[in-house]
Amino acid sequence: MVPGGGSNSEYPMFPQYTLGERVVDGCIHLAGVAGSLIAATALMVIAVQALPADWILPLAVYSTALVVTFFCSAAYNMVMSPRPKELLRRFDHASIFLMISGTYTPMALIGMGEIWGVALFAFVWLITLIGATAKLLIPRAVESITIGLYMVQGWVAILAIGPLVSMIPTQAVVLLLVGGVLYSIGVLFHLSRSLPYHNAIWHAFVLVAASLHYAAVLDTVDLL
1256 MVPGGGSNSE YPMFPQYTLG ERVVDGCIHL AGVAGSLIAA TALMVIAVQA LPADWILPLA
1316 VYSTALVVTF FCSAAYNMVM SPRPKELLRR FDHASIFLMI SGTYTPMALI GMGEIWGVAL
1376 FAFVWLITLI GATAKLLIPR AVESITIGLY MVQGWVAILA IGPLVSMIPT QAVVLLLVGG
1436 VLYSIGVLFH LSRSLPYHNA IWHAFVLVAA SLHYAAVLDT VDLL
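The opening position of the sequence shown corresponds to residue 1256 in this note's numbering, with each subsequent residue numbered one higher.
Keep in mind that a hint or two might mislead.
What follows is a set of in silico ranges between Cβ atoms, one per label pair, in the way DEER data are often shown [said to hold, decoys possible]:
{"no.": "1", "residue 1": "1452", "residue 2": "1411", "range": "24 to 32 Å"}
{"no.": "2", "residue 1": "1304", "residue 2": "1407", "range": "18 to 26 Å"}
{"no.": "3", "residue 1": "1285", "residue 2": "1439", "range": "39 to 47 Å"}
{"no.": "4", "residue 1": "1312", "residue 2": "1399", "range": "34 to 42 Å"}
{"no.": "5", "residue 1": "1309", "residue 2": "1335", "range": "39 to 47 Å"}
{"no.": "6", "residue 1": "1370", "residue 2": "1452", "range": "23 to 31 Å"}
{"no.": "7", "residue 1": "1478", "residue 2": "1281", "range": "26 to 34 Å"}
{"no.": "8", "residue 1": "1399", "residue 2": "1439", "range": "13 to 21 Å"}
{"no.": "9", "residue 1": "1477", "residue 2": "1277", "range": "38 to 46 Å"}
{"no.": "10", "residue 1": "1288", "residue 2": "1338", "range": "35 to 43 Å"}
{"no.": "11", "residue 1": "1392", "residue 2": "1439", "range": "21 to 29 Å"}
What the hints contain is simulated information worked out from the structure, not anything from laboratory work. Glycine is no exception: its CB is placed at the ideal position from the N, C-alpha and C atoms.
Modelling step: build the complete structure from the supplied sequences, incorporating the hints.
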C-alpha cells in the first residue's frame, strides 16, 4: 500500500524527495505563485488603463496562462497523497502547453500580427489543444513524447525568426530566446532524477525563464 490508501497497482510511483528538497521546492513554488499573481494583476491593470483595447485579450490570455501554470505546478508538487496527486499531475503537465501558447499569444498577435503572427498563434494553440487533451485524458500513453512536444512548441518561433526579429523589439527577442534556453537547460535537470534537488533546480530555471518571458511581453507592448 502507498500513503493515502491506494495500492501501487492503482497509482504509478511518484518521485520521492527528502524534506530539504521539498522545502526548497516549496519556497520556489511559493515565489512562483505569488509572483505570477502580482505580475499578471499589474499587467492587466496597466493594459486596461493605458493600452489599446485590442491588446487586452491577448494579454489576458497570457496572464491567465501564467497564473494557472504556476498554481497547477504548486498543487501537484506540494500534495503528497497519491489519489489527488495523479489527477493534479495531469493538470500540471497540460498547463505547460498552456504556458507556452499563452506566452506566444501577445508576441504573435500584438508584436507580429499579419500572416506570420496569425500562423504562429494558430500553430502553438493547435499543439496545446492536442497535447493538453492527451495529458488530461491519456497521460501515461503519451509520456514518452511529451517533452518532445514541449520542445517543438517552445522553439517553433525559430521557423519564423526573420519576421520575429523584424517585427518585435530586439530586446524582447533576446529575452524570449534566453528564456527558451533556460527552459531547455532546466529540462536536463528535470530528467537528472538521481541528482539531489533536481526538481527544485528545474523549477528555479522555470521561474527565471518565465520572468524573462514576462519582461519580453512587457517590452513587446512598450512597457519596459
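Outcome of the hint check:
Range check, residue 1452 to residue 1411: Cβ separation about 31 Å, and the 24 to 32 Å hint holds. With their beta carbons about 37 Å apart, residue 1304 and residue 1407 fall outside the hinted range of 18 to 26 Å. Between residue 1285 and residue 1439 the beta carbons are some 25 Å apart, a value that contradicts the proposed interval 39 to 47 Å. A C-beta distance of roughly 35 Å is found between residue 1312 and residue 1399, which places it inside the suggested range of 34 to 42 Å.
Residue 1309 and residue 1335 have their C-beta atoms about 45 Å apart, which keeps the hinted 39 to 47 Å range intact. Checking the proposed 23 to 31 Å range against residue 1370 and residue 1452 shows it is violated: the Cβ atoms sit about 45 Å from each other. Checked against the hint of 26 to 34 Å, the pair residue 1478 and residue 1281 passes, with Cβ atoms roughly 31 Å apart. Taking 13 to 21 Å as the suggested C-beta distance range, the pair residue 1399 and residue 1439 conforms, at roughly 18 Å.
The hint said 38 to 46 Å for the Cβ distance between residue 1477 and residue 1277, and at roughly 41 Å that hint holds. Remark: the range hint 35 to 43 Å for residue 1288 to residue 1338 is contradicted by a beta-carbon distance near 23 Å. Taken as a hint, the range 21 to 29 Å holds for the pair residue 1392 and residue 1439, whose Cβ atoms sit roughly 27 Å apart.
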